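Visitor: Let the sequences and hints guide you as you build the complete structure.
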Amino acid sequence: MTTMEGLAHGLAVALQPGVLIYSLLGAVLGTLVGVLPGIGAMAAITLLLPITYYISSEAALVMLAAVYYGAQYGGAVASILLRLPGTPQSAVTTLDGYPMAQQGRAGVALFTAMISSFAGSMLGIVILVLLAGGLSQLATSFGAADYAAMMVLGLVAASTIGEGRLSKSLAMVVLGVILGCVGTDVNSGAQRFTFGQVQLLDGINLVALAMGLFGLAEIIGNIRKAEHDGPPARVSLRELVPTRDDLRRLVAPIARGTALGGFFGALPGTGSTISSFLSYALERRVARQPERFGKGAIEGVAGPEAANNSASITAFVPTLTLGIPGDPIMALMLGALVIHGIQPGPMMLEAHPDMFWGLVISFGIGNLFLLVLNLPLIGIWVAMLRIPFRWLYPAIIIFVCLGVYSVRGSTFDIVMVAGIGVIGYALTQAAFSPALLLLGFVLGPLIETNLRRALLISRGDPMIFLERPIACGFGIATVALLIYGFVKHRKHGLQEKRGS
Amino acid sequence: MRRDLYDLGWGVILALTGLAVAGYAWVSYDMGSLRRMGPGFFPVTLGLLLAGLGALIAIPAMGRPGQRRPFAWPETIAVVTALLVFGLALDGLGVLLTTALTVLIASAVAPRRGLGWRLGLTIAVTALVWLVFVQGLNMSLPVWPGAWR
Amino acid sequence: MNHRQTRRAAVAAALLAGCALSSAAMAQDWPAGPVHIFVGFPAGSSPDTIARLVAEPLAEALGKPVVVENRPGAGGVIAVQQMLARGGDSFSININGPLTTAQRLIPDLGYDPATDIAPVGLIATSPLVLAVGADFPADDLAGFIDAAAEPEAISYGSVGEGSGAHLTAELFADAAGVQLFHIPFQSYAEVTTSILGGEIDSGFMAPSAALPQVEAGKMKMLGVTSAEPFAQVPDVPVIAGIAGLPDDFRAELWNAFIAPAATDPAVIERLNTELNTILADDKVRERLLAMGWQAQPGTPEDLAQRITDDTALWGGVIDTVQATQ
Chain A
1311 MTTMEGLAHG LAVALQPGVL IYSLLGAVLG TLVGVLPGIG AMAAITLLLP ITYYISSEAA
1371 LVMLAAVYYG AQYGGAVASI LLRLPGTPQS AVTTLDGYPM AQQGRAGVAL FTAMISSFAG
1431 SMLGIVILVL LAGGLSQLAT SFGAADYAAM MVLGLVAAST IGEGRLSKSL AMVVLGVILG
1491 CVGTDVNSGA QRFTFGQVQL LDGINLVALA MGLFGLAEII GNIRKAEHDG PPARVSLREL
1551 VPTRDDLRRL VAPIARGTAL GGFFGALPGT GSTISSFLSY ALERRVARQP ERFGKGAIEG
1611 VAGPEAANNS ASITAFVPTL TLGIPGDPIM ALMLGALVIH GIQPGPMMLE AHPDMFWGLV
1671 ISFGIGNLFL LVLNLPLIGI WVAMLRIPFR WLYPAIIIFV CLGVYSVRGS TFDIVMVAGI
1731 GVIGYALTQA AFSPALLLLG FVLGPLIETN LRRALLISRG DPMIFLERPI ACGFGIATVA
1791 LLIYGFVKHR KHGLQEKRGS
Chain B
22 MRRDLYDLGW GVILALTGLA VAGYAWVSYD MGSLRRMGPG FFPVTLGLLL AGLGALIAIP
82 AMGRPGQRRP FAWPETIAVV TALLVFGLAL DGLGVLLTTA LTVLIASAVA PRRGLGWRLG
142 LTIAVTALVW LVFVQGLNMS LPVWPGAWR
Chain C
-15 MNHRQTRRAA VAAALLAGCA LSSAAMAQDW PAGPVHIFVG FPAGSSPDTI ARLVAEPLAE
45 ALGKPVVVEN RPGAGGVIAV QQMLARGGDS FSININGPLT TAQRLIPDLG YDPATDIAPV
105 GLIATSPLVL AVGADFPADD LAGFIDAAAE PEAISYGSVG EGSGAHLTAE LFADAAGVQL
165 FHIPFQSYAE VTTSILGGEI DSGFMAPSAA LPQVEAGKMK MLGVTSAEPF AQVPDVPVIA
225 GIAGLPDDFR AELWNAFIAP AATDPAVIER LNTELNTILA DDKVRERLLA MGWQAQPGTP
285 EDLAQRITDD TALWGGVIDT VQATQ
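Residue numbers (my numbering), protein chains in the order written: chain A, 1311 to 1810; chain B, 22 to 170; chain C, -15 to 309.
Quick caveat, the hints were computed from the structure, so don't treat them as lab data.
Note that the structure is a prediction, hence the values are computed from the model and not measured.
Be aware that a few hints might be false.
As the list claims (entries may be wrong) - Covered, in the sense of this in silico footprint (three residues per stretch, anywhere, with C-beta under 8 Å from a C-beta of chain C), are these stretches of chain A:
#: 1; region: 1507 to 1515
#: 2; region: 1598 to 1607
#: 3; region: 1635 to 1642
#: 4; region: 1648 to 1654
#: 5; region: 1754 to 1766
Where a beta carbon is used, it is the ideal one built from N, C-alpha and C, also for glycine.
Guide: Here it is as structure tokens:
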């Protein structure tokens, strides 16, 4: 079957009324659940899982996939309006999305996030269709050494996204990596920094960390401030729509973000996280006025949103064509396929082409549903900001608690949020970047396990990092980036001195 | 303000945290070899790195004027108490009573005083939780006191 | 088995156990409210799917809702702790780890599998297969053992230090008289990627994780750790008894239904009866097999024996591993 025949076949599958309706259902539920802070795709899919046993395998998968990216659309809403990211990817969206909302441009920020997500997904589908074969080889050509080198590059590149001193940015990254060490060490089974708490054996809960660092810190700082400022002025419909200038600015970041996401998404693991951080760092680097970033730069929302949505499309490549799921949600989808008697793997394209292509087409249809569904909702979300903050914040606290609790039913995690929130507030007051802490937390354990694994594989020979071309390439790029950053920093410093 | 107290304070805190992490890991975990790195290698290295970065933050801050940013103490205490109450009371009191209690505590530091609007808000949020989480999402939660031991 | 027989079995069990009549009466009315089953892994994982497969017909049989509660963490241990802490009609469907090896690997476990847990019944077992890349020089187990003659020449991937895959590999290496080089991963997906990429030589894996790669000609399966050939991979030879390995070599992972130790024996008997009825259903057996699990109905005593045996077996392997480190 050629690709064109496959696509035609897939279209026929995806357009069946029984499949369409579940795609719509998934998109609606995913958005609604994703808007609730901390309750992400995982919780929504768990909720729907029992239904999937009773419907056809196509409908089940299409619905779960729609929930998966629907939750991403919803997650952007909580991040932009309230600075409540539930995932590291949405944490990137808060960096410029939330300042935009505070400047009364919440509508534009939401519109940008949605249109970028949509464009990222659609272009991601194109990448998937054209390059599925190549992308599936990517996964097996990356070894432990390559992953370790790639993550280090990601961390170094992203360290530049924090404002201010490099030492403060690096300190946050390192602190994040240290927090990532908490829990059972994969390589030795040792329980590190758990202090006898079984609840900590799997590490600190990511949602608790993100909610505490961002959401709670913001609430504490805002209670008094928001009341002084009064509610944001009423915005007219025209202000919701981006200006022509805004739109023009979106094109390049979306294209760059999609490309980054498409590539990294095909690597099982953290493709989505690393690509959204890298996209943000890249936009900041190529911008003519990088100082606008962190203060409401529209490119800082567009690039990362396109990247993480394109990554979540290509993430299906290793899952479906190799049978290798990259994250728990992909593992869940794989499980749903198996329940229906379909074994994803190298034979999937030959054995179940209708399923494969039907799913690909349905991604497009689902994203179209999401766009149509979400654009009219922007007005409602923005109207929510007119509620006085004193009415809003106690409710947000409750939603944060329940969001964190939903992850694994642990009240211990809620207590953790309290502690993390205070630290997050104090760090924000001192102009430290919580986003970098979160990135270190996510990538740190991956760097450690892959580095140690690479040395096990090479039986202790560090040359493995130079001998493998991919690892070596990432290494050279990292060194180049560091030298560039240092030189630029010195130049900048000299100019400042001369100016004063 | 003669010194950048925020950076100075945080630099010292981070440096001490780094040293504590490195020390604890050095004592408690095996360092291993290059071939089979032990669980202690990373935490010790990172701890020392953080200590160094902390020093790099603190030392320049000594001779540099800093901004004074007010720290919202009452708000911090109220929000933290609210969360602790929610976390500790949930299993015993059930989600509805816990929510009501948490909202009352959290709203105590709102700039507008008075009990009337706070009671109204409490009822509204509790109803919302019942509607969204108990009825809508059917989340596995203790709803009433004594539902879970 | 119909309702009357179930009840009779429950009554008989209560009498046999020497319980008072009130206990039997209680078992007849039981359960008064919803029954909770704690699962130590996230929704969609295989323990979760197994629990849901059992929960639905169980709810029908008991006439009360059966709620599956996911409490993922610490390899299933959190779910056991939650079951014990919650009280009431709380049970758990769990894997072997928290009942046989957790007390050795986690210092602050908070419960003792020998005294705090009452077995209800085994649900299903799964062996592991020894899988290698397609270009591995040997095609059978004897060849694999020959290739591994030099200590640490052959590496294998597991799903973590102390995991079933790690302990099974060490048990195998010990029985075969070879020394394999252990490289821990986090999931079978990672192990698969690494074998396909040529970074590691082999892995003891779940049959369902290796099967798609084998069908595509990218991997080979050299042996299966169960006592008899496994229905999902019927052509793979049983490791026991070939290439000089002992005839009683057996290593299986399992899922079981457990209760807190204080549970009324009549309730346990009732649950065991219902569980075995569910496992006798062909549809349930087929669904289990599709996921790589073989249904294993049996008595609570069978499960108790299994726990004792495996605790001793894996305890011995852990001793060996810890001694060499």
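Visitor: Work down the list of hints and note, for each, if the structure agrees.
Guide: Quick rundown of the hints versus the structure:
1. 1507 to 1515: With 5 residues in contact (Cβ-Cβ under 8 Å with chain C), the coverage given for the region 1507 to 1515 of chain A holds.
2. 1598 to 1607: With 0 residues closer than 8 Å to chain C, the region 1598 to 1607 of chain A misses the three-residue bar; violated.
3. 1635 to 1642: holds (count 5)
4. 1648 to 1654: holds (count 5)
5. 1754 to 1766: Three-residue rule met by the region 1754 to 1766 of chain A, so holds; n is 3.
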